[in-house]
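Model the full structure from these sequences, guided by the hints.
For the record, in the sequence shown the residue sitting at position 109 is 109 according to full-length UniProt numbering, with numbers rising by one throughout.
Calculated directly from the structure, the hints in this document are not laboratory data.
One or more of the hints may lead you astray.
[Unchecked claim] Computed cross-link-like contacts, BS3-like style, restricted to lysine-lysine with a CA-CA straight-line distance of at most 30 Å:
#1 Lys231 to Lys94
#2 Lys94 to Lys159
#3 Lys94 to Lys208
#4 Lys81 to Lys231
#5 Lys94 to Lys81
#6 Lys159 to Lys231
#7 Lys208 to Lys231
#8 Lys159 to Lys81
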Amino acid sequence: MGLPDNSGSAGKNQPGIHIGDMAKDILARWGFDTNNVSILPDRHPQYRECDRHGRFPISMVDEQDVIRYLPPVCPVCAAEKTSQRLMEIAAIPKRYMACGFDNYTIESPHQQQVLDVCRAYADHFDEEDRQGSSLILCGNPGTGKNHLASAIAHTVLSKGHSVLQVTAYDIIARIRQTWRRENGKGTELEAIRGFADVDLLIIDEVGKTFGSDGERVHLFEVIDHRYRDMKPTIILSNEGVDGVERFLGIAAFDRLCQNGELLILDWQSHRRGRASTSN
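Set out below in structure tokens:
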């Protein structure tokens, strides 16, 4: 039995399919504007329109003269979503969400100096990140350590880096949760890596735990992982320099000091100053 003959009149009466029509159909299914004459055969970029941010390209010709197709998503909208996601991950306390460098109160040359160091650290974070440079802010309660740390965090987040702001107790408790297998919190190493992998880790309330050898081991593991990966860490503490070293341990403190900077905030508490003024 032979194959059917498609050369007869029935086949001749079928309309031919033009390659250009096929291309338009495929492009239309992918959401391209087929009425745009610049879409393919000449090498001009194709554009889409964002309701909020206007026109954006979805194709380009690279340096090798090759047409490259870009994600058909507004880059500004995508950046905003990424920024929002990073902000949620950062866990900046609600009280400090509005804290920035511009609304930090300056009442002395020393405060200005500390502010300038923190602002420069944030503005040049890409370089600080490459060098693994850390900061230690220690001194009296109410002197603005969290304000400055949150201002740094906001600037670093705006550059597309990941940030996590936690307390020393958070780290210790999270690691110890892994000892209870029924909680399904993963392994101890996974918990440590969770703190070690972010671009910038801010550890608050150093000195507010018991200061046991076990706690020092947990904090050392996180700081040491970050030190080996050359990732910056910021330490906030109401303790003096000796107190910070005692609670972290000599080895962890020494790692933070390499390529790092120690800032002493020794002025009066802003909270007490406001309370005195209101009375």
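A quick look at each hint next to the structure:
no. : hint             : in the structure
1   : Lys231 to Lys94  : holds, 25 Å
2   : Lys94 to Lys159  : holds, 21 Å
3   : Lys94 to Lys208  : holds, 21 Å
4   : Lys81 to Lys231  : holds, 25 Å
5   : Lys94 to Lys81   : holds, 20 Å
6   : Lys159 to Lys231 : holds, 16 Å
7   : Lys208 to Lys231 : holds, 24 Å
8   : Lys159 to Lys81  : holds, 14 Å
Going through the hint list in order, the structure satisfies each hint without exception.
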